[in-house]
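Asker: Here is what each chain is made of, one letter per residue.
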Amino acid sequence: MMRKVIAAIDDTAAARSVLATGRLVAELFEASLEAVHVRDDGARTARTAAAVAGLQLREVDGPVVDALVLEARASEVAALTLGARATPAGRRPAGHVALEVITAVPRPVAVVPPDVRPQRDLRRLVVPLNGTWATANALAGVIELACRCDLDVVILHVLDEESLPPFSDQPHHEAEAWLREFMARQCPAAAARAELRVGVPAHAVEATAVEMGADLIALSWSQELAPGRAAVVREVLERGRIPVLLVPIRQGNSERAP
Amino acid sequence: MVFDWDGTAVPDRGADATGVRDVVEGLSGLGMDVAVVSGTHVENIDGQLRARPSGPGRLHLCLNRGSEVFVVDSVGPRCVYRRVASPAEDAALTAAAELVVDRLRARGLDARIVSARLNRRKIDLIPEPEWSDPPKARIEELLLAVEERLHRCGFDGLPEVAAAAEVAAAEVGLSDARVTSDAKHVEIGLTDKSDSARWILDDLWRRGIGPGLVLIIGDEMGSLGGLPGSDSLMLVPEARRSTAVSVGVEPAGVLPGVIWLGGGPATFLSLLEDQLRRRAQGSVPQLDEDPAWILTVEGLDPQLERVHEALLTIADGRIGTSGSPLGAHPSATPAVLAAGLYDGEGPEEQLLPGPVWNQLPIDLDSGIVVRRMLDLRTGVLRHEMDTAAGPMHAVSLSSLSRPGCVVLRVQGPPRPLVPGPSLVPPPGRDVEVGETDGTDWMRVGGSHGGVVAVAIDTERRDRVECLTLDRLGAYEPDSDGKSSLDAALRSLGEAGRRGFDHLLVDHRAAWGGRWEQAEVVIEGDPELQKAIRFALFHLMASVADSEEASVGARGLTGPGYRGHVFWDSDVFVLPFVAATHPRSARAMLEYRIRRLPAAREAAVAAGCAGARFPWESAGTGVDVTPRLARDHTGRARAIRTGQQEEHVVADVVWAAACYLDWSGDQAFASGPGRELLVETARYWASRIRRDEKGRGHIYGVIGPDEYHETVDDDAFTNVMARWNLRRAARVVTDDPGESMRGEAGRWLELADSLVDGFDPNTGLYEQFAGFFELEPLVIRDLARRRPVAADLLLGAERVRGAQVIKQADVLMLHHMVPDEVAPGSLVPNLDFYEPRTAHGSSLSPGVHAALFARVGRLEEAVDALRLAARIDLDDLTGTTASGLHLAAMGSVWQALAYGFAGIRPHGGVLQVDPRLPEAWSALEIPVLFRGRRIRVRVEPARATIEADGPAEIELPGVPVPTTVESAGVRLRRSREGWEVET
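Protein chains in written order, with our numbering: chain A, 1 to 258; chain B, 1 to 982.
Hints listed in this document are in silico derivations from the structure and should not be mistaken for laboratory results. Keep in mind that this is a model prediction, so the values were computed, not measured. A couple of the hints might just be wrong.
[As the list claims (entries may be wrong)] Rough simulated footprint, nothing fancy, chain B against chain A, three-plus residues with beta-carbon under 8 Å:
#: 1; region: 68-74
#: 2; region: 183-189
[Said to hold, decoys possible] Selected chain A positions facing chain B (Cβ under 8 Å, derived; list incomplete):
#: 3; residue: Val60
#: 4; residue: Pro63
#: 5; residue: Ala140
#: 6; residue: Glu161
#: 7; residue: Leu164
#: 8; residue: Phe167
#: 9; residue: Trp178
#: 10; residue: Val200
#: 11; residue: Pro201
In this text, a Cβ means the ideal position worked out from N, Cα and C, and glycines have one as well.
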């Protein structure tokens, strides 16, 4: 069965960015791209954007969230792409549709900020790993696909006060050894490069991805947005400068690996 | 194998022992040690056994009820131990026996002293012709006859007679008399079979054979007439993990834990023959699975496999082999490193990986369950693999007795155990391969020479379902082409002629010898004890003891730090080997001595005189510290240690002095040691700048606290330079006719002029000029835990401006050169600096453990020691996968020796000033001081110091040195400390 990536577009100007990102995600997943619009109060902009992208727009009915979740659950769907919100500003990390969809869909979901400039190519993927088995396992497939596409895959780990190694004898040797072992544990087979940062992960991930010129950030998460959870996901969505591919952690513990 | 003779090995003294002789000689030839334990004398046993084994297994005759031991070789028996009774003891034995006989006769029992054997008297309880020489088979009848006779005279039985003998012995002053009985006699002696058992178990232990590998066989392993059977005396506490078997009649049963087989000498012989058959089939040797000495890794954990491989590394000082499994697995990283062989240039220079010898074409990712056990006692790594076709076992070792030689024996079902290439190229390396006379060889080239390995496999298929593969390998540094290959082939040929069994015996014995001189015993903390053994094992395995020993920061346990040599080796590793195996310390110094020309060139390049050793050193001795690198923050960072961490110059000389102080090696002192001192003193003399007031300064350095760079008058650097100048001046001026006295005078003047930041009012040394003006911080206000890499947590700029330090700096002076700092300054400086120390270096906890111990803060000392000892076992750095932290391991020994035991050479005497934490019931530590083996044992209320010859010991509170000899010196804890017992 041919796999597909769904680009869920609304009837706003953000549809272009969502479609552009959807195309990149589809390439990553070696899938076709389908544009879907849930009829709400109009579809003109959506139709135009799909046409410009060379896609036929499939329009479906129903409450937006329910309809998108239903679409994304189909077995042939590899991932979903949707806009973070209709407008750039907002108190929450994303609009209510995006937040409800990303917490309900058991598939990778690429969330596209409204003011992100559409990219022609996917060149650099930043994959933050927090050192847990669960995170590394969830993202292993995406990393493998990205390496297969010859992307510049950057594995990013942010050391915070808790995870900082207690000792650092000669930092130049130590960092090299630490990172080598981190990669051996987290991405044993991937042709990816690694970057380390020190700081608060929620801030450092987004800032580093911007600093490195990432086209996409891939994050795994447990799909919970309760207070105290998913700080990195919240921060990345809130700042909204780079599309983020959210990959659900299906099961397993979150014990820190290295 | 330890066994009784009479009744166990032979039915009686007249029996033909040919069968036993043949098997004993066969077992010896296959590497098994055999000991006969008997009450009788050598003429009887040797006359009957007549074995003349030629080894490698040894035959001991432990005779005369524990009073004599003979070793028997192809020539015959030779006495190696005899308990010599004093005239008073001899007279007391006779008096006790006479007293017993008198008392028995007084109650109507006709008993006689029938013989005065070595260290014992034998009283016949039934001197009747019928029972003149009863065979063991009639033991039950004999016992009945004796007891009947005793009952007739009103005795309850043998125990009452034995008790009477003990009373008599005590009455004549024999407080530790051994009273035994074989039913016919009661004997009063100074020794018994328990002494034989202890002697042989101790001897085996020193040869690397633990009690778990010992089989003890007797025929009296229960009680006899209410008294312990004579062979049960062999079951001493030290033998608790041994296997004990009885082949006797044992009318009253055997002691718990003893396996009763019965059957007498026939069963015994079949046991021996079974052992011989197993050995002849080349079975894989067992380990003594004492959990206190065995590091076990169950399974293959993809996350931790590389850590486990580092922990399980086997090495001989020249070659290190990761403890990888024997077959292929995605997470396994089999690797071999050769000490001192580097590839690459400048900062990229790194240890050259060698051909891998321990791999078999087995897919371990196919459901095979793997278990690995490293015996820290013997450096033997055992592999157990459960395969669908049946179990597979193997042992591998890196021969400590033949450094450069490696040995593997594996046994298992022909599938999956199939032969394959004996050498495998290291990943990513081009190799040259070939075969010479059936021997595979492989060469890996590097930019500074290479390494050549040769290996040969021998297969045996004893049964259809079992294949045994022996692999021998040899490594040689390859600096001049074919000659190295020839040397490797010669080495392999010699090992091959020696054979697996000999190689194993030699290797175990070599490790046994090293442990005898190095094992630190802590009683009361088994977890810490094992961690200490782990540290000492890897220290010993990582340092060669001939030619030159290049000891990188991770030794031979991994590629971390690229194998570069830091002060870690001079200051942290060397003291341990100087005090336990001086040849290794000398070899480490040889590494520096051979690089003096490079150090001289570095001094010239820096505009100085003398010799300047590099902060990071590799093959040639030029500095290989990078100038720029990325750190944990991911950012490029200037690395200034290569330019500024100059204290390494004095550290190298401190190591030389340490070796000299422990060994007293005069040839070194007057030769290369003197050259090191002079050249480094010249360096400091040219490096010091005088101000207008004549004060000496050293500007722009980094001390051990690497958080602060480009500082002036770092206390550690200045005081170490001062010490260096003074020590060199002393050597030069002590030399009669020396023409350099003028230069030495200038060194002394400069040394006196050097500022050291000491304030007599506070007792504090200022770590460097301006340190006290930095932001005052203590670590507990910055971080929730210690240790912490504070530079990473706070950023380099923040720590640079604060009183936050990485590791002992000023305090390192109190640890390294206590005579060079102000008396009484340890406590105020420890109080001030320790709370400001992040311990962000793995070198820090061990040094602080030593210092806490010296000032009596023993709980903190133990906590710091435990942390240092577990850095790799718990992978606290996250980098153990790239090798073990040898310097931290060295600091563990220093904390124990210099800190807790208070052992330290001081001039020509050895200071001993112990401190024992409450949680420990004893601390025991051996050292080699000026050729004397000295053992210090500390208990809560007392301490003992023993030496194998006269040695001068400086004791606390004793104004003049005490001469310790083999009788030892006993100390008693007093209110003020320790006092000598008289």
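Asker: Are the hints correct? Go through all of them and say.
Answerer: Results for each hint:
no.	hint	verdict
1	68-74	violated (count 0)
2	183-189	holds (count 4)
3	Val60	violated, 44 Å
4	Pro63	violated, 44 Å
5	Ala140	violated, 12 Å
6	Glu161	holds, 6 Å
7	Leu164	holds, 5 Å
8	Phe167	holds, 4 Å
9	Trp178	holds, 5 Å
10	Val200	violated, 12 Å
11	Pro201	violated, 14 Å
Of the numbered hints given earlier, the model fails hints 1, 3, 4, 5, 10 and 11; all others are met.
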